[in-house]
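Line by line, the protein sequences give chains A and B. Each residue of the first sequence is one higher than the one before, starting from -4 at the first, in my numbering. Each residue of the second sequence is one higher than the one before, starting from -4 at the first, in my numbering.
Source of the hints: derived by calculation from the structure; they are not laboratory data. Hints may contain errors.
Given that identical chains are not distinguished, each listed pair holds provided it fits within a single copy or across any two copies.
As the list claims (entries may be wrong) - In silico SDA-like pairs for lysine to any residue, Cα to Cα no more than 20 angstroms straight-line:
(1) 126 - 115
(2) 126 - 167
(3) 260 - 86
(4) 260 - 157
(5) 16 - 214
(6) 126 - 116
(7) 260 - 138
Number of protein chains: 2
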Amino acid sequence: MTSVPATAAGTLARDTAAGTKRVLTGYRPTGPLHLGHWAGNIETMLRLQRDPGYECFFFIADWHMLTTHYDRTDELPGFVEELVLDWLAAGLDPERAVIYRQSDLPEVAEMALLLGMITPLGWLERVPSFKERLRDMSERDVANLGLLGYPVLQTVDISIVGGELVPVGEDQVAHLELSREIVRRFNRLYGDVLVEPQPLLSQTPLIPGSDGRKMSKSLDNAIGVRDEEDLIRAKVRSFVTDPQKLRLGDPGRPEICPVFALHRKFSPDDVDRIERTCRTGELGCVECKGILADHVVAAFAGFRQRRSELAATTGLAAEILAAGAEHVRPVASATLANVRAAMHLG
Amino acid sequence: MTSVPATAAGTLARDTAAGTKRVLTGYRPTGPLHLGHWAGNIETMLRLQRDPGYECFFFIADWHMLTTHYDRTDELPGFVEELVLDWLAAGLDPERAVIYRQSDLPEVAEMALLLGMITPLGWLERVPSFKERLRDMSERDVANLGLLGYPVLQTVDISIVGGELVPVGEDQVAHLELSREIVRRFNRLYGDVLVEPQPLLSQTPLIPGSDGRKMSKSLDNAIGVRDEEDLIRAKVRSFVTDPQKLRLGDPGRPEICPVFALHRKFSPDDVDRIERTCRTGELGCVECKGILADHVVAAFAGFRQRRSELAATTGLAAEILAAGAEHVRPVASATLANVRAAMHLG
Chain A
-4 MTSVPATAAG
6 TLARDTAAGT
16 KRVLTGYRPT
26 GPLHLGHWAG
36 NIETMLRLQR
46 DPGYECFFFI
56 ADWHMLTTHY
66 DRTDELPGFV
76 EELVLDWLAA
86 GLDPERAVIY
96 RQSDLPEVAE
106 MALLLGMITP
116 LGWLERVPSF
126 KERLRDMSER
136 DVANLGLLGY
146 PVLQTVDISI
156 VGGELVPVGE
166 DQVAHLELSR
176 EIVRRFNRLY
186 GDVLVEPQPL
196 LSQTPLIPGS
206 DGRKMSKSLD
216 NAIGVRDEED
226 LIRAKVRSFV
236 TDPQKLRLGD
246 PGRPEICPVF
256 ALHRKFSPDD
266 VDRIERTCRT
276 GELGCVECKG
286 ILADHVVAAF
296 AGFRQRRSEL
306 AATTGLAAEI
316 LAAGAEHVRP
326 VASATLANVR
336 AAMHLG
Chain B
-4 MTSVPATAAG
6 TLARDTAAGT
16 KRVLTGYRPT
26 GPLHLGHWAG
36 NIETMLRLQR
46 DPGYECFFFI
56 ADWHMLTTHY
66 DRTDELPGFV
76 EELVLDWLAA
86 GLDPERAVIY
96 RQSDLPEVAE
106 MALLLGMITP
116 LGWLERVPSF
126 KERLRDMSER
136 DVANLGLLGY
146 PVLQTVDISI
156 VGGELVPVGE
166 DQVAHLELSR
176 EIVRRFNRLY
186 GDVLVEPQPL
196 LSQTPLIPGS
206 DGRKMSKSLD
216 NAIGVRDEED
226 LIRAKVRSFV
236 TDPQKLRLGD
246 PGRPEICPVF
256 ALHRKFSPDD
266 VDRIERTCRT
276 GELGCVECKG
286 ILADHVVAAF
296 AGFRQRRSEL
306 AATTGLAAEI
316 LAAGAEHVRP
326 VASATLANVR
336 AAMHLG
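All chains, full assembly: derive it from the sequences and hints.
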């Protein structure tokens, strides 16, 4: 153990800090992080962790991964380990946030069973992301009970640690609303036991991939945060641009160009000049992509350096997760005990 | 502790007995036992427990109770305690069977979450008893996720203790077949981990209630095993009989008479004479019901005596369940560990 401490004991003091809000966010370990995750999740988590007003719970949602990837669990241990190391290299700090794995909390499974008993099927069948996921996986396999029950499990993830705030994008507010409804229904049936979580709206820029659609591993259009320099450059070169800008001198429309969308994120000091010279036609796409690749490579150089140092420490991820589990289990146990008592169970 | 031992240690020796089959059956604690349960469940359990070829696991399915009774959990602790005492008074013996409560096994909840991830929604939506239950509760409330997931939880109840045989009536074979399908799907995806349970067909007589329909607490047509003599007599008097037999002398049709159905069960030495004299008209319904009431009262006199003795021992039910939990948890833990390992989960 070098820069990363083995225990998260530092957060204990913060548990009792007056006025802090408990915030929770999780991540499904379905593969390597890409730039879209970075801009969408990691930067939000770093911001929350730095803010003394928040007590952060960051978890790896390995059970959620099963809702769509149940037939690929052989990849799971590797994905979990790599995600922990990615988080640490990105600067997530077990001294400032509780970092843990969902499946280390059997209490979550039991509470999910209990909350499932009071969650109307209709509420779950109407969830838009259920229909989206159904469509995503329709060619591969059927939908399972776990997929339908996803929002219940998510509600438990939040409630079992008393999560007060959940960072969500505009499009996920409706999803969190379902968790709030389940919590309200529980409290109405059994008494005021669970905290009703609130959305913490985060403006995350939409990061397009090489084909102009939202960057996504499954669309094979992503630049990974761990990609080597050569691969980053090759991927940036493969990006589509304004189809009306065919050669140097043609005026471009930055507002429809995915390369420009990435410039906004990764070339903040250069973005005005790039926009202007793209419009005039002065800046060609080849050069423009070269500038972006330089910035992306530079942005992740420190990350890649730290990441390879961390990977050299055998067992680091397991150690971090064990410490996180030790930290969060008493919280989860206490909530479950309250839930059981309220339901007259044992 | 008098006749009932505090621990079920006796079964340990039987765990290793060669050639024994592990058999499992459970019961939802939704209210007092009645004669229909007695003839349908208790007698089967007593027979299994006496047979050295079986290793018996008898459990109280309190989580299952929530699938339909989630808004009546205040009744649950009382129902659980009374069911344990009823079982003991009936002769179920913790020296011969592991007697435990479902919710004492958090491993069941976790394994249910995992099996839910591989159980197609279509399989569950097609279960006839799901539709029946939907209809049963349609007036009271909506159906919840737990109701749909019932067969998954049931599959876990069986598999987690390595249940090889499950006593079922003809009408439940299809239900067990779903558990077998879930087990096969798990084994196909992750390797040969779970035991595929087989049905143990039991011929249980259909016990009608006072209105001629199947005896059921919810139809308010039941004679409880703990009913006092006067109440038993009053309830037997209220039974419908052959509507063509209006007065003494009218010939009756025993084959359509619910009172005669109970005679078959409770008046074995007298049943031929009763059938004959009913048909001739010689035996009137009032007298016939008096004979039945005598037999039912006599059949449960010993039970009621033992039951009230057991009730005098404070904390007996809790003690029995604690001992059962201690016994069954290592079995459940071992299965869950195998399941997790097969799925590459930590």
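Against the structure, the hints:
1. Taking identical chains as interchangeable, the C-alpha atoms of residue 126 and residue 115 lie at most 20 angstroms apart whether they share a chain (17 angstroms) or sit on different chains (15 angstroms).
2. Taking CA atoms no more than 20 angstroms apart as the test, residue 126 paired with residue 167 passes inside one copy only; the shortest distance there is 14 angstroms, against 33 angstroms between copies.
3. For the identical chains of this complex, residue 260 and residue 86 are intra-copy neighbours only, at 19 angstroms inside a copy versus 74 angstroms across copies, given an alpha-carbon limit of 20 angstroms.
4. Taking the shortest alpha-carbon separations for residue 260 and residue 157, neither the intra-copy value of 34 angstroms nor the inter-copy value of 55 angstroms comes in at or below 20 angstroms.
5. Taking the shortest alpha-carbon separations for residue 16 and residue 214, neither the intra-copy value of 36 angstroms nor the inter-copy value of 51 angstroms comes in at or below 20 angstroms.
6. For the identical chains of this complex, residue 126 and residue 116 are neighbours both inside a copy (14 angstroms) and across copies (13 angstroms), given an alpha-carbon limit of 20 angstroms.
7. Proximity of residue 260 to residue 138 under the C-alpha cut-off of 20 angstroms is found in neither arrangement, the shortest distances being 37 angstroms within a copy and 47 angstroms between copies.
Consistency note: the structure conflicts with the earlier hints numbered 4, 5 and 7.
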